[in-house]
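Trainee: With chain L fixed as given, assemble chains G and W onto it according to the hints.
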Amino acid sequence: MRSPSKRSLLLAVSVVAGLLLLAAATRPGVASRPVKTFHLYVNDGEWEFADGEKSYIVGYVAYNSKFEEAPPGAKLPAPTIPSPEIRVKVGDEVHVFLHHNGHSHAAKDSAFANVTHTIHFHGMDLVQAYDGVPGVPAEGLPAKLLGGVPVGSVYEYKFVPEYEGTYLYHCHIDSSTHILLGMYGAFVVEGKKPNTIYGHHYDREYTLFFSEMDSAHNEAIRTRGDYEMLKWKTDYFLLNGRIFTDDLTNPLSTIADPRSVIRAKEGETVLLRLVDASFSHVTAFHPHAYHMKVIGIDGRKLESPYWKDTIPIASGERYDVLVPIIQKRKSIAHDHNLGGMVSTGKYPRGPLTIFAVE
Amino acid sequence: MRSPSKRSLLLAVSVVAGLLLLAAATRPGVASRPVKTFHLYVNDGEWEFADGEKSYIVGYVAYNSKFEEAPPGAKLPAPTIPSPEIRVKVGDEVHVFLHHNGHSHAAKDSAFANVTHTIHFHGMDLVQAYDGVPGVPAEGLPAKLLGGVPVGSVYEYKFVPEYEGTYLYHCHIDSSTHILLGMYGAFVVEGKKPNTIYGHHYDREYTLFFSEMDSAHNEAIRTRGDYEMLKWKTDYFLLNGRIFTDDLTNPLSTIADPRSVIRAKEGETVLLRLVDASFSHVTAFHPHAYHMKVIGIDGRKLESPYWKDTIPIASGERYDVLVPIIQKRKSIAHDHNLGGMVSTGKYPRGPLTIFAVE
Amino acid sequence: MRSPSKRSLLLAVSVVAGLLLLAAATRPGVASRPVKTFHLYVNDGEWEFADGEKSYIVGYVAYNSKFEEAPPGAKLPAPTIPSPEIRVKVGDEVHVFLHHNGHSHAAKDSAFANVTHTIHFHGMDLVQAYDGVPGVPAEGLPAKLLGGVPVGSVYEYKFVPEYEGTYLYHCHIDSSTHILLGMYGAFVVEGKKPNTIYGHHYDREYTLFFSEMDSAHNEAIRTRGDYEMLKWKTDYFLLNGRIFTDDLTNPLSTIADPRSVIRAKEGETVLLRLVDASFSHVTAFHPHAYHMKVIGIDGRKLESPYWKDTIPIASGERYDVLVPIIQKRKSIAHDHNLGGMVSTGKYPRGPLTIFAVE
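Respectively, the protein sequence lines represent chains L, G and W. Heads up: the first sequence at position 312 corresponds to 1679 in the numbering used here, and the numbers run straight through without jumps. Heads up: the second sequence at position 110 corresponds to 1477 in the numbering used here, and the numbers run straight through without jumps. Heads up: the third sequence at position 82 corresponds to 1449 in the numbering used here, and the numbers run straight through without jumps.
A few of these clues could be false.
In this list, chains with the same sequence are indistinguishable; a pair is considered to hold if it fits within one copy or across any two.
[As the list claims (entries may be wrong)] Subject to a maximum C-alpha distance of 30 Å in a straight line, what follows is the list of computed DSS-like cross-link-like pairs (lysine-lysine):
1) Lys1713 / Lys1421
2) Lys1713 / Lys1559
3) Lys1475 / Lys1713
4) Lys1697 / Lys1600
5) Lys1600 / Lys1433
6) Lys1403 / Lys1697
7) Lys1433 / Lys1695
8) Lys1421 / Lys1660
9) Lys1695 / Lys1442
10) Lys1433 / Lys1456
11) Lys1475 / Lys1598
12) Lys1668 / Lys1433
13) Lys1600 / Lys1713
14) Lys1421 / Lys1433
15) Lys1695 / Lys1456
16) Lys1598 / Lys1442
17) Lys1632 / Lys1713
18) Lys1560 / Lys1713
19) Lys1421 / Lys1600
20) Lys1695 / Lys1403
21) Lys1713 / Lys1598
22) Lys1433 / Lys1560
23) Lys1456 / Lys1697
24) Lys1695 / Lys1600
Since the hints were made in silico from the structure, they are not lab data. Note that the structure is predicted; figures quoted are calculated from it, not measured.
This is chain L alone, in the form it adopts within the complex (with noise of 0.2 Å):
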């Protein structure tokens, strides 16, 4: 899977200069810390929605849920929207091995076939060598870093993170492009303690992320690698890659995947971790039957939490909140941004999922 060409090799020398940038990082004595390794790989492939059209999408996929390094010859899974999301904890040394496998859906003559790829891990303030961002002089840094982890390579990102909270990660090459064919994941950091955020108790914890998608700009990438970015309209507003539909037994609707209908008893605390990486819509989440105590934003503590029932999210930040589970009951939670609601025109064809309390 990886080929050791000339532009590894030259990625190689950057690793190492990104090493020497990692340990200088690093507190002496501490060497003990625990290692966290995740081995991602660039995969595309078809999206379906339920409304039974397809999109071409482009996303980050792990050869197994441990996030082993894949096999020689191994087959990779397809991709999914979101990503899947990366687990770790304060202090750990994590390292991220990016693989760029190419892009085996795209059009052959298509201009991008052959593009880079990074990992910006976003919300971490990392080093410049593992920020995942091309084309900022780099200072001491091979030149080649800049251009992003070119097809048949791979490229290691380390790091150790000091905050708890909910990041994501996306790719950080043609942004705008890359990340909307939906090159992004949920990077969460979890404290020390076991059900426990910034001194928060909680029973059970949800992330929900929320993204957009114009299929028309998706192929359009797929065949030609081109498209004229201010005609994006969006066509699907997602939560965890889905929208929802009046059938309730359909298999590809939000409340059919167990990362989003939320599930509690009487009497828990729910975590939700509410991302967003949208195109320029503002979602508007809004779950019935409760109120949200917001504890923390963009992984820090929130030092004065407050309530709410409709909380805007804009792309790239995140909301930490907790609903305590007052009764049994069963509710609806959507974007109450009226147009996030009517993916491919149809109401109520959004980011809508089922609050399920026994």
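Mentor: Just chains G and W now, with coordinates in the frame of chain L:
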């Protein structure tokens, strides 16, 4: 007005089921709580804007200012934008009857002609029987509850508000369309102490309700009952249902509406209840000449108030703000998202009103 | 430059009336407060973007860096986006003269050619005579005040800023159009103690002004003076008037602008003053590598600061944030609302700049 049909009998069964839920929800020994009853009737009609154009709208109307039940055959008022504000007190036993009287102004062969309606009390955190949401599988509740209230029927919503603050109510059938047709109003829960909210004193109060309308959508719903929602293009950005115009004597302008012109005296404190039910426009409410102290959001007291002169409000949000009237002056207050100030393509046709301090 | 016409005589009367108001507003016994005088001149011209395209703009210009009055017949600088930043201190007696010098670059038969202008000091909370708003019925003030400052006239605004913080000034005649043409700038009120804001220390500061432009709008105003505002389509999303481009040596790019490239040294604390005057785009400002401590909003100290890495900003809002420079690194900072990063349809042409830490 009520037609005791098979449908309403089934609905009556669900009301009984709901009553049991209510009984379970109320604490024993508080039989003496005040009962507040409101009768709301679905009605449709025409709404005229300050530019002389008219649009089909649908709303909830009250027979009289006490929200009493209309006598058989009584003529109902025409709908307004927004629907009448409902006011109760913390601890009241609130009963709201929704009477669906049909859509006499819709084309008979419009798919909209016989649709059902409900009331969702946004932010009240109710059990399913009173939450106004169709289509959610309802354990122990009659299936018919799921479809909404049909033409010719009545449904009773019951609850006891626990938190003072500002809320809204709106239809939750085919929500994007029904809300945007005009089916929304403010719902205010007063505290026990007069002129006091969240422990803060105020001398006067105004409710400013922001919303959007696409008159082409409304006309399509009236005639066909169908609209390609991705074509939505707001042509009216509204404050309490109206736009401002350059003609200060226009009787249809915001500033001819006593609900919207903020009159106060020097030294007073004015409470503004900001409510929003937009399509996707984020209103940036900006009063000139005054800063606002944000004391509560979404029906909950803010422990750490803050000051703003421009408040972004997304659909479904409410802000309770205090304005100390520091000096005799006249000023304007408007949406600072400039795109909201150009209804019908012309400035200053948008949510703009006047602070008139004596 | 000043033409003592009938109009300006009438305006002079209003200035007298305004002076009386100012006298009433200032406290007795503080005659020794510093007087700060600024002369701003309306000027129009062409603005070139980093993609080589040019657009008609209108702005306020200063004759020199001291904002002194221009000698008769002096050539004025071309307008810039944004207009020059004005700086005063809490307690200063501020005098701002608006000279309307006409629109020499507009077509003579454009309806825009002879429009009036004003200055609204957004967030300053001024009495009507100095608030820059036309058309509001003015008790005790000459009717002519209502029309704005005509070509060839001058008007004096006077006030004493009470609160340190970040504000903006802009025209309030036909506001959506005049603002979007470029008539806006930052207005900063410093506290009495150097390098201190709201009691917090900072080492350096930058003002980042976000705005939008639709070059078709600007051209229509220049040639005809009229634009169907519902057709508004932003093609330039700007940071201090510029877009970023892939060409790092482009002299017109954001990163060739010393106002926008954030230079700092390890261990310092940087104050960023975020200001927004958008059409309706919500900018989601996201610096890589750093979290921001939000210490003040809309010109008021925040009692309970909080941390963010992505701040949504709507038109008219200001955020004062502190960035502790924790480590030597170079990173980018940009709008994370991806739609804002595709000016002219191409990524990364948007509000993107660089944090360059030595």
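Trainee: All hints, please: hold or fail.
Mentor: Structure-based check of all given hints:
1. Lys1713 / Lys1421: both (17 Å within a copy, 26 Å between copies)
2. Lys1713 / Lys1559: neither (44 Å within a copy, 43 Å between copies)
3. Lys1475 / Lys1713: between (35 Å within a copy, 22 Å between copies)
4. Lys1697 / Lys1600: neither (34 Å within a copy, 34 Å between copies)
5. Lys1600 / Lys1433: neither (37 Å within a copy, 46 Å between copies)
6. Lys1403 / Lys1697: For lysine 1403 and lysine 1697, only the inter-copy Cα distance (26 Å) is at most 30 Å; the intra-copy one is 38 Å.
7. Lys1433 / Lys1695: Answer is neither; intra-copy 35 Å and inter-copy 34 Å both fail.
8. Lys1421 / Lys1660: So lysine 1421 and lysine 1660 fail the 30 Å test inside a copy (37 Å) and across (42 Å) alike.
9. Lys1695 / Lys1442: Neither, since 44 Å and 42 Å both go past 30 Å.
10. Lys1433 / Lys1456: Result: close within a single copy only, 15 Å intra versus 54 Å inter.
11. Lys1475 / Lys1598: Classified as within; 24 Å inside a copy, 34 Å across copies.
12. Lys1668 / Lys1433: Within one copy only: 29 Å inside a chain, 44 Å across chains, cut-off 30 Å.
13. Lys1600 / Lys1713: Classified as both; 15 Å inside a copy, 15 Å across copies.
14. Lys1421 / Lys1433: For lysine 1421 and lysine 1433, the Cα distance is within 30 Å only inside one copy (28 Å; across copies 53 Å).
15. Lys1695 / Lys1456: between (33 Å within a copy, 25 Å between copies)
16. Lys1598 / Lys1442: neither (36 Å within a copy, 42 Å between copies)
17. Lys1632 / Lys1713: neither (33 Å within a copy, 49 Å between copies)
18. Lys1560 / Lys1713: neither (44 Å within a copy, 45 Å between copies)
19. Lys1421 / Lys1600: both (16 Å within a copy, 27 Å between copies)
20. Lys1695 / Lys1403: between (39 Å within a copy, 26 Å between copies)
21. Lys1713 / Lys1598: both (20 Å within a copy, 11 Å between copies)
22. Lys1433 / Lys1560: within (22 Å within a copy, 55 Å between copies)
23. Lys1456 / Lys1697: For lysine 1456 and lysine 1697, the Cα distance is within 30 Å only across copies (26 Å; inside one copy 33 Å).
24. Lys1695 / Lys1600: neither (40 Å within a copy, 40 Å between copies)
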